[in-house]
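Protein chains: 2
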Amino acid sequence: MGVVVPLNEAREPSQSLAPLLEIVDEDMNAINRIILDKAVSDVELIPELTHHLVNSGGKRLRPMLAIASSKLCGYKGKGHVQTAAAIEFMHTATLLHDDVVDESNTRRGHKTARLIWGNQATVLVGDFLLGQAFRMLVDVGSLPVLRILSNAAATIAEGEVMQLAAAKNTSTTEDAYLAIIDAKTAALFSAAAEVGAAIANRPADEQAAMRSYGRNLGLAFQLVDDALDYSGDSARLGKSVGDDFREGKITLPVILSFRRGNDRDREFWNRTIVEGNISDGDLEHAIGLMKKHKTIETTLDRARSYGSIARDGLAIFPESSERAAMQDVIDFCIARAH
Amino acid sequence: MGVVVPLNEAREPSQSLAPLLEIVDEDMNAINRIILDKAVSDVELIPELTHHLVNSGGKRLRPMLAIASSKLCGYKGKGHVQTAAAIEFMHTATLLHDDVVDESNTRRGHKTARLIWGNQATVLVGDFLLGQAFRMLVDVGSLPVLRILSNAAATIAEGEVMQLAAAKNTSTTEDAYLAIIDAKTAALFSAAAEVGAAIANRPADEQAAMRSYGRNLGLAFQLVDDALDYSGDSARLGKSVGDDFREGKITLPVILSFRRGNDRDREFWNRTIVEGNISDGDLEHAIGLMKKHKTIETTLDRARSYGSIARDGLAIFPESSERAAMQDVIDFCIARAH
Numbered sequence: 007m008g009v010v011v012p013l014n015e016a017r018e019p020s021q022s023l024a025p026l027l028e029i030v031d032e033d034m035n036a037i038n039r040i041i042l043d044k045a046v047s048d049v050e051l052i053p054e055l056t057h058h059l060v061n062s063g064g065k066r067l068r069p070m071l072a073i074a075s076s077k078l079c080g081y082k083g084k085g086h087v088q089t090a091a092a093i094e095f096m097h098t099a100t101l102l103h104d105d106v107v108d109e110s111n112t113r114r115g116h117k118t119a120r121l122i123w124g125n126q127a128t129v130l131v132g133d134f135l136l137g138q139a140f141r142m143l144v145d146v147g148s149l150p151v152l153r154i155l156s157n158a159a160a161t162i163a164e165g166e167v168m169q170l171a172a173a174k175n176t177s178t179t180e181d182a183y184l185a186i187i188d189a190k191t192a193a194l195f196s197a198a199a200e201v202g203a204a205i206a207n208r209p210a211d212e213q214a215a216m217r218s219y220g221r222n223l224g225l226a227f228q229l230v231d232d233a234l235d236y237s238g239d240s241a242r243l244g245k246s247v248g249d250d251f252r253e254g255k256i257t258l259p260v261i262l263s264f265r266r267g268n269d270r271d272r273e274f275w276n277r278t279i280v281e282g283n284i285s286d287g288d289l290e291h292a293i294g295l296m297k298k299h300k301t302i303e304t305t306l307d308r309a310r311s312y313g314s315i316a317r318d319g320l321a322i323f324p325e326s327s328e329r330a331a332m333q334d335v336i337d338f339c340i341a342r343a344h
Numbered sequence: 007m008g009v010v011v012p013l014n015e016a017r018e019p020s021q022s023l024a025p026l027l028e029i030v031d032e033d034m035n036a037i038n039r040i041i042l043d044k045a046v047s048d049v050e051l052i053p054e055l056t057h058h059l060v061n062s063g064g065k066r067l068r069p070m071l072a073i074a075s076s077k078l079c080g081y082k083g084k085g086h087v088q089t090a091a092a093i094e095f096m097h098t099a100t101l102l103h104d105d106v107v108d109e110s111n112t113r114r115g116h117k118t119a120r121l122i123w124g125n126q127a128t129v130l131v132g133d134f135l136l137g138q139a140f141r142m143l144v145d146v147g148s149l150p151v152l153r154i155l156s157n158a159a160a161t162i163a164e165g166e167v168m169q170l171a172a173a174k175n176t177s178t179t180e181d182a183y184l185a186i187i188d189a190k191t192a193a194l195f196s197a198a199a200e201v202g203a204a205i206a207n208r209p210a211d212e213q214a215a216m217r218s219y220g221r222n223l224g225l226a227f228q229l230v231d232d233a234l235d236y237s238g239d240s241a242r243l244g245k246s247v248g249d250d251f252r253e254g255k256i257t258l259p260v261i262l263s264f265r266r267g268n269d270r271d272r273e274f275w276n277r278t279i280v281e282g283n284i285s286d287g288d289l290e291h292a293i294g295l296m297k298k299h300k301t302i303e304t305t306l307d308r309a310r311s312y313g314s315i316a317r318d319g320l321a322i323f324p325e326s327s328e329r330a331a332m333q334d335v336i337d338f339c340i341a342r343a344h
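Chains as they are written, first to last, in the working numbering: chain F, 7 to 344; chain A, 7 to 344.
These are computed hints drawn from the structure, not numbers from a lab. Be aware that one or more of the hints could be misleading.
When chains are identical, the list treats them as one kind, so a pair holds in a single copy or across two.
[Said to hold, decoys possible] Heads up, simulated DMTMM-like pairs for lysine to aspartate or glutamate below, C-alpha to C-alpha not over 25 angstroms straight-line:
#: 1; residue 1: Lys174; residue 2: Asp48
#: 2; residue 1: Lys300; residue 2: Asp286
#: 3; residue 1: Lys300; residue 2: Asp43
#: 4; residue 1: Lys65; residue 2: Asp181
#: 5; residue 1: Lys298; residue 2: Glu212
#: 6; residue 1: Lys255; residue 2: Asp48
#: 7; residue 1: Lys117; residue 2: Asp145
#: 8; residue 1: Lys255; residue 2: Glu54
#: 9; residue 1: Lys297; residue 2: Asp269
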């Protein structure tokens with residue numbers, strides 16, 4: 007163990023997630039029941055819109071991490087299930103607001119909630135889910151867990167604002183980009199892994215180890231996601247190749263292509279990403295520039311590097327099926343790129 | 007004491023708030039420092055946008071209620087100050103999202119944040135402030151306080167969704183309308199008053215008394231606000247008479263006018279409120295119908311009635327300057343109408 011599986015030998019992604027799915031299976035059924043239960047409201051729009059998202063085929067990676075981490079840490083109570091459900095609500099709330107802010111029309115191959123119910127309802131139901139998440143966490147009653155997840159909530163929003171401020175700015179540095187995905191994506195992965203150790207009252211070094219695992223897994227996950235947007239298989243991903251391009255999103259493949267390109271390339275990126283002036287063939291040209299400058303490869307290299315840090319984060323824990331499953335998640339996330 | 011001051015003898019509104027201001031003065035300075043301190047972020051947009059709202063002349067009624075309630079309940083610790091600041095952040099987050107949902111251009115006589123920084127930043131900074139509020143509450147460390155305020159956060163959002171679902175529906179009943187303002191406005195007043203008793207570890211009956219005081223004060227406050235939108239003095243209010251009319255908002259003066267009117271009146275309300283087809287003179291005609299059917303009077307009667315319940319809520323507490331000041335707030339809210 008401890009070796010990153012080379013991509014050309016990577017197992018099928020679904021196989022890599024299988025050990026995790028087995029470990030969390032029973033608890034995930036309980037989580038799904040809690041999610042349906044806590045989306046209930048006399049206000050019909052709330053369960054309607056929540057079910058739309060909950061049923062739209064997300065992997066529930068974050069709650070699965072919280073469950074696996076709590077099991078790895080020997081937690082014997084019941085609070086981890088409701089905590090994990092609250093994490094999924096926080097994530098769902100973020101997706102709803104993201105779609106409004108990005109004016110997205112599809113997510114995971116389905117129409118976005120904002121397209122069906124409008125921006126107004128989508129913002130407000132997101133607010134409800136965030137409030138409901140905190141209500142559920144208060145029920146669990148662990149102040150350390152509440153601390154970790156309230157920090158995450160504020161940090162995620164901070165990351166989203168950072169991303170908005172960097173929007174259309176082709177001269178964003180890789181560092182600035184990393185700070186954005188650290189906050190908007192890695193913070194919740196990190197918190198999900200950390201709460202498992204916190205709820206089990208594990209010592210500070212184990213909580214820090216889980217935090218580091220989750221954070222670096224989250225960074226790898228987001229970087230692979232950004233690479234896939236220029237190289238993936240739309241049907242399998244449930245998202246279209248080129249979505250980020252059409253939305254003018256600044257991601258690492260673009261940042262590196264802008265830096266590594268010549269003046270004419272930069273003019274191209276400014277016209278398409280900044281001005282949103284996109285014609286037929288521009289996406290193909292963008293992908294061509296990325297190939298030429300190997301920026302998808304670099305993006306995936308970075309992902310592998312963070313994946314490796316995530317793996318080392320877990321190394322202080324004794325070998326167990328939970329540890330192996332959590333390490334497999336890293337491979338799963340990276341193998342998605344192929 | 008214990009008698010509602012008749013409106014024709016009402017003191018000047020600012021005089022009514024004076025006793026409360028005196029009681030909370032020192033703590034409010036601390037709260038203002040915390041608010042500025044907790045709005046700090048490396049992401050410039052966050053303090054910028056927060057300061058805009060924080061400096062735009064709100065009365066900070068909700069944090070003042072939390073402070074006064076904790077003092078009335080004999081609380082001697084320091085947690086009430088940070089709790090009250092978190093309440094103001096929650097309120098500010100709600101205002102930001104409200105303005106986006108309502109597409110409002112002015113608030114308290116100033117341009118709204120969404121008009122200056124756009125809807126996207128406004129939604130996300132609202133999310134940040136809500137996350138930050140919970141982070142601050144976790145620092146205070148009282149699970150009962152966290153329970154009260156996470157319930158309030160979910161309820162407020164539920165109320166906003168209910169309001170959205172009732173939008174443009176002229177046949178909304180008074181009951182349905184009350185359920186909306188109970189959730190979207192009264193829940194935070196109620197929570198603000200209740201946390202004072204909770205943080206002081208007062209028995210359940212005193213917490214319930216504070217909850218009832220805050221809830222009914224909030225209902226009265228909102229009803230007066232709704233009446234003022236058709237009868238107030240724009241310059242003094244910092245909002246324009248007719249804002250609700252132009253936005254097609256269903257409030258009690260409209261609900262009652264629709265019910266008490268004839269078919270022609272109902273056609274008028276459907277054309278203006280539902281279809282948004284508003285011409286010169288329509289606002290005056292709307293106000294004329296409200297006068298004819300005495301619906302502003304009824305709205306203020308209801309407000310007085312809730313105000314009276316709020317007063318009785320406080321009656322189980324022994325007489326004190328805090329109790330008197332909190333009762334004066336009721337008069338202040340109702341006297342705003344004249």
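Hint check:
no. : hint             : result
1   : Lys174 to Asp48  : between (41 angstroms within a copy, 19 angstroms between copies)
2   : Lys300 to Asp286 : within (23 angstroms within a copy, 63 angstroms between copies)
3   : Lys300 to Asp43  : neither (48 angstroms within a copy, 44 angstroms between copies)
4   : Lys65 to Asp181  : neither (29 angstroms within a copy, 42 angstroms between copies)
5   : Lys298 to Glu212 : neither (43 angstroms within a copy, 71 angstroms between copies)
6   : Lys255 to Asp48  : between (38 angstroms within a copy, 21 angstroms between copies)
7   : Lys117 to Asp145 : neither (33 angstroms within a copy, 40 angstroms between copies)
8   : Lys255 to Glu54  : between (30 angstroms within a copy, 24 angstroms between copies)
9   : Lys297 to Asp269 : within (17 angstroms within a copy, 69 angstroms between copies)
Checked against the numbered hints given earlier, this structure breaks hints 3, 4, 5, 7; the rest are met.
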